[in-house]
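Protein chains: 2
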Amino acid sequence: MDLPVPDRQQQKGFMDFPHISTTHRNLMVELVSTMETRLATELLPSSLPADVQYYQNESGSAQGTLHIQTGIETSMVDFILGSWLHCGMPTGSSLDITTLTAYLNSKTDAPRFLIEFLQSSPTSMIIILDLPPRKDPVLHLNYLNTFYVDTQLDKQRQLLLNKVPEAQPYFPTSLYIRCALSPVSVSILINCDSQERMDEIIRDNVGPVAKELLEVWLNQCARGGTIELGELDKADLEKRDHLIKKMTVEIDLSSSLPRLFGPDVAGKVIGSIQQVFKT
Amino acid sequence: MDLPVPDRQQQKGFMDFPHISTTHRNLMVELVSTMETRLATELLPSSLPADVQYYQNESGSAQGTLHIQTGIETSMVDFILGSWLHCGMPTGSSLDITTLTAYLNSKTDAPRFLIEFLQSSPTSMIIILDLPPRKDPVLHLNYLNTFYVDTQLDKQRQLLLNKVPEAQPYFPTSLYIRCALSPVSVSILINCDSQERMDEIIRDNVGPVAKELLEVWLNQCARGGTIELGELDKADLEKRDHLIKKMTVEIDLSSSLPRLFGPDVAGKVIGSIQQVFKT
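Residue numbers (this note's numbering), protein chains in the order written: chain A, 8 to 286; chain B, 8 to 286.
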C-alpha cells in the first residue's frame, strides 16, 4: 500500500508546542528560555539530525520533537533534554506529553531537574515537578537537608495541593519512577471542568511552583559549585545515574515509541537519546 | 507542689490496647498474635523493666507501653517492637498512637515491617502500613521486583484508596520518613463522620490489607531464607539500618516523649529502645 509522504512543511520545532494551550505553551517557553539563557555559556548547540528533532508516524497522527543540548567540558551540566509528543487517538481525543529535564555530570552530586505534563484531554492532566535525587537520601542526611529541607520545596508542593481543589496526588504506575522521585516531588492529577480552569491552574498555581523549582535548581544544583567526590562516591553516583537513564529509556520510551511511530522512527529517536545517555 | 502518686493498679499491658475501639483492638491483637505465633520459636521473652513496659506521666493523662522481643541467635529477626501511647489533651480529646514494627538482622536484606495508627479523634486517623526497604530500590532492581512488584502489594494500596472515599494520601511531615517508606506504602489520612464508620473501615478495608502485608512479610521476609551478603554489601546494609534506627529515635521519640512524660520516664523508655536499636 502506498501511503502519502508526510508533508514536512507542516513540521514544527520543539519550541512551537503547537498542540497545547497558549497558557501552557507560554509556561513551557518561559521555562526552557530561562534554563537556556542562564546556562547559555555552558551549552553546545543541538546536533541532532533533523528527522529526530521532529518526527512523526506515517499518517501524521503522532508527532514528536526532541531537543538536546550537551554541556561543555567545564560545565556541570551533562545535558538538557526537552521534548513534546502529540498522539491523536482514533476516538478524536489526543495525548500530549511535554517534558523538560536536565542531567548533571559527576562534577556534582546535586539533583536533576524534571518537569513533565501528560495531558489526556483539555480538562485532565498529570503533572510531575521535581528535583530527583542522585543519592539515596536515607543514607545521606546532609543531602536531604541541603536540597529538600533547606530549600523549603515541600511548602510549594503543599501550597499547590491546598490551592487547587481539583488536584489529587498521583502515584506513577512504575514503582521504579516512584522511587526515583524526591520526597518533595509534585506528582498530581488534575481533573477540572473546563479548558479555561485548566489554564487558570497552570498560570496561577503550577507555573509559579515550576518557576521556583527551576530557580532552586539553577542556583543550587546546576550552578551550585563543583564538589570533589572520592573515587568510591563517584563510582556510586555514576552507577546510579546510569541506571536511572537506562530505566528511563526502558519505562518511558522502549515500549511506547515503537508502537506510536513504528520501529524505524522510534529506533532513530531512542538511539539519539541513548547516545547522550551513554546507555 | 505534691502531685498524687499514680495508681499502678490501673496500669495496662501492651496487649490490652485500652484506649482504642474494640474493632481496632481486635485487629491489633490479631496482628501481634499472628506475628508472635509464627515467630514463636525464634523470639526471646521480653526482658524490659516493668516501668518501661508500662509508663505514664505524673498526672496519668499520658500513658504508654513498650513491648520488645529480640530474636534468638539463629533467627533473621533482630527484634519486634510494639507500643501504644495515649495522651489526653486539655481539650478533652486524646491522641492514640499504636505501632507494630519488626526489624531483621543482616542475615537477610529483606524489608522491615511497619504498621502505625495515629488517631487524633474517633473519626480521624492516620494509617501507615509498609514493608520499608533496607536497600536503595533505585540501585537494586531485583530488590524492587522481588519485594514490591512481584508481591503485588501496590494493588492492595490502590484497593484501599479506591474503596474508602474518606481516605486520602498522607505525606509524613518528616521528609526522612517519606524517603524511608517503600513505593507501595499505604500512607493515608481517614476523616469520616462517625466512630461506627471508622470501625467499619478498619474491619473491612484496613484489616485485610494489614493482614496481607504481614503474611507477605512473614513468608517472604522474616522467613524467606537467609542470604550470603558480601562484606561491602553487609556494611552498607548495617549502615543504612543503623541510620534508620537513629533517625527513628530522633524523629519519633526524642522530642515528643520528654514533653509528654517528663525527662526521667522518657529517658528510661528511649534508653530501652536504644539498647535494642544499638544506637
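Treat the hints as calculated values from the structure; they're not laboratory data. Any given hint might turn out to be false.
The calculated DSSO-like cross-link candidates involving lysine-lysine, where the alpha carbons are at most 30 Å apart (straight line), are [stated by the list, open to error]:
#	chain 1	residue 1	chain 2	residue 2
1	A	Lys-142	B	Lys-19
2	A	Lys-170	A	Lys-241
3	B	Lys-252	A	Lys-162
4	B	Lys-285	A	Lys-142
5	A	Lys-246	B	Lys-241
6	B	Lys-252	A	Lys-142
Residues of chain B placed beyond 12 Å of chain A at every Cβ, according to the derived structure [to be verified]:
#	residue
7	Ser-28
8	Leu-38
9	Glu-43
10	Asn-64
11	Glu-65
12	Gly-99
13	Val-171
14	Val-223
15	Asp-243
16	Arg-247
17	Leu-260
18	Arg-266
19	Gly-274
Here are the simulated distance ranges between beta carbons [stated by the list, open to error]:
#	chain 1	residue 1	chain 2	residue 2	range
20	B	Lys-246	A	Gln-282	29 to 39 Å
21	B	Lys-170	A	Arg-210	54 to 64 Å
22	A	Ile-234	B	Glu-203	31 to 41 Å
23	A	Gly-278	B	Leu-166	38 to 48 Å
24	A	Arg-230	B	Ser-66	49 to 59 Å
25	A	Ser-66	B	Ser-201	53 to 63 Å
26	A	Arg-230	B	Gly-20	22 to 32 Å
Treat the numbers as computed from the prediction; the structure is a model and nothing was measured. Heads up, the beta-carbon is just placed ideally off N, CA and C, and yes, glycines get one too.
Requested in this report: Tell me, in ascending order, the numbers of any earlier hints that this structure violates.
Outcome: Violated: hints 1, 2, 15, 16, 21, 22, 26.
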